Amino acid sequence: MADRPLEKALERINEEGDFEASVLASSDGLPIATVPSDYDVDTTSAMVALLRRVARETREHVGLAQVDEVSVRASDHIRLVCRCFTMNGEDFILAVVVPSHRRYYRQLTNRAIKDLKLAWHAMVEGS
Amino acid sequence: MPVEGSLKELGLTNIIQINCTEMNTATVSLTYQGKTGIICFADGAIVHAAVGDVVGEEAVYELLSWPDGSFVVEAGTIPSERTVSTSWNSLLLEGIRRMDEEQASVERPAEVAPAMELPAAADEMATLAHELKNVMGVEGSVIISRDGIVFASDIDGNPEKEGAVAVFVGNAAAEFGNAMSLTPFDWGLVTMGKDRMLILERPAFFAGLSLSEKASPALVSAEAATILG
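As they're listed, the protein sequences go chains A and B. Counting from 1, one number per residue, gives the positions in the first sequence under our numbering. Counting from 1, one number per residue, gives the positions in the second sequence under our numbering.
Read the hints as simulated data drawn from the structure, not as lab findings. Check the hints yourself; a few may be wrong.
Computed from the model, here is a short list of chain B residues facing chain A with C-beta under 10 Å [said to hold, decoys possible]: (1) 87; (2) 185; (3) 190; (4) 204.
Quick caveat, the model's predicted, so the values are computed rather than measured. The beta carbon of each residue, even a glycine, is placed where N, CA and C say it ideally should be.
Given the sequences, and given the hints that come with them, work out the whole structure.
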């Protein structure tokens, strides 16, 4: 796992933020990296695809600046946070499941997006 | 050429909304479990409805309660009589309120249905939207049905667009809850640059609140919940 840069970036924010899971997905909701790897992939891919659709539809209907985050808080205060961003011109979503005792996630996900972009760039350059 | 379909695929609220917003003159014939009914539109207004011996507004409410069935829309047909004079928005509001009450009585037969689950009239919805906008940190509000019908708004810009955001996120949040087997969602939040919209769910509608830059979704949600009841 440690030599896989995308997973490494996700692993780091999971540890620092106590996130239950984090998923990097393509614009159509296909998971590219999931940490922990044994987290329910079907569930995570379904939720990412769902929120990706929401992000696209809100963008189309609102016509404002690009949607950069969609989050949902359950009544037990667990949150699903989806950050939308681009790497090398392609759209991606970073989805994290934030436990109830953590209030702040924005800074961590900002850093994760930065790390993911660097890792992605290195992978593209190296291939 | 008539348009046919299933009420499961296109609900009657949507059929009414489409014909009224597009200012259609048409007759919709509906069939469910051997019963038939019609709703007639003239220039975007509902002017006649009948099902069995029931005519007028009560017929609209009964037809709205059909959970299934089929429909045929014939465009251009001039209604033979006029039995409805209430606006289509008010008819839908009252129809949805009745369905909500019926559902509540089925689900909680031993309880009294909460009086404020859905305000009975459009002006009450407007009051609700106004009160929500007065919450600290809220710059605008829109109250919208799950089908995308804007019940009331107090917001700059296009309430239909803002409402669409609330519906998409609200429905997605509900689906997310189901997929994750989580508890019901408290709120959803969409961030678009500096613009943020908070989405709250109630049994019969979503409330979309446009937040100011420094507003706390949790605090606004808590205060709005006391208004929504």
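Violations among the numbered hints: Numbers 1 and 4 - these are the hints that the structure violates, sorted from lowest upward.
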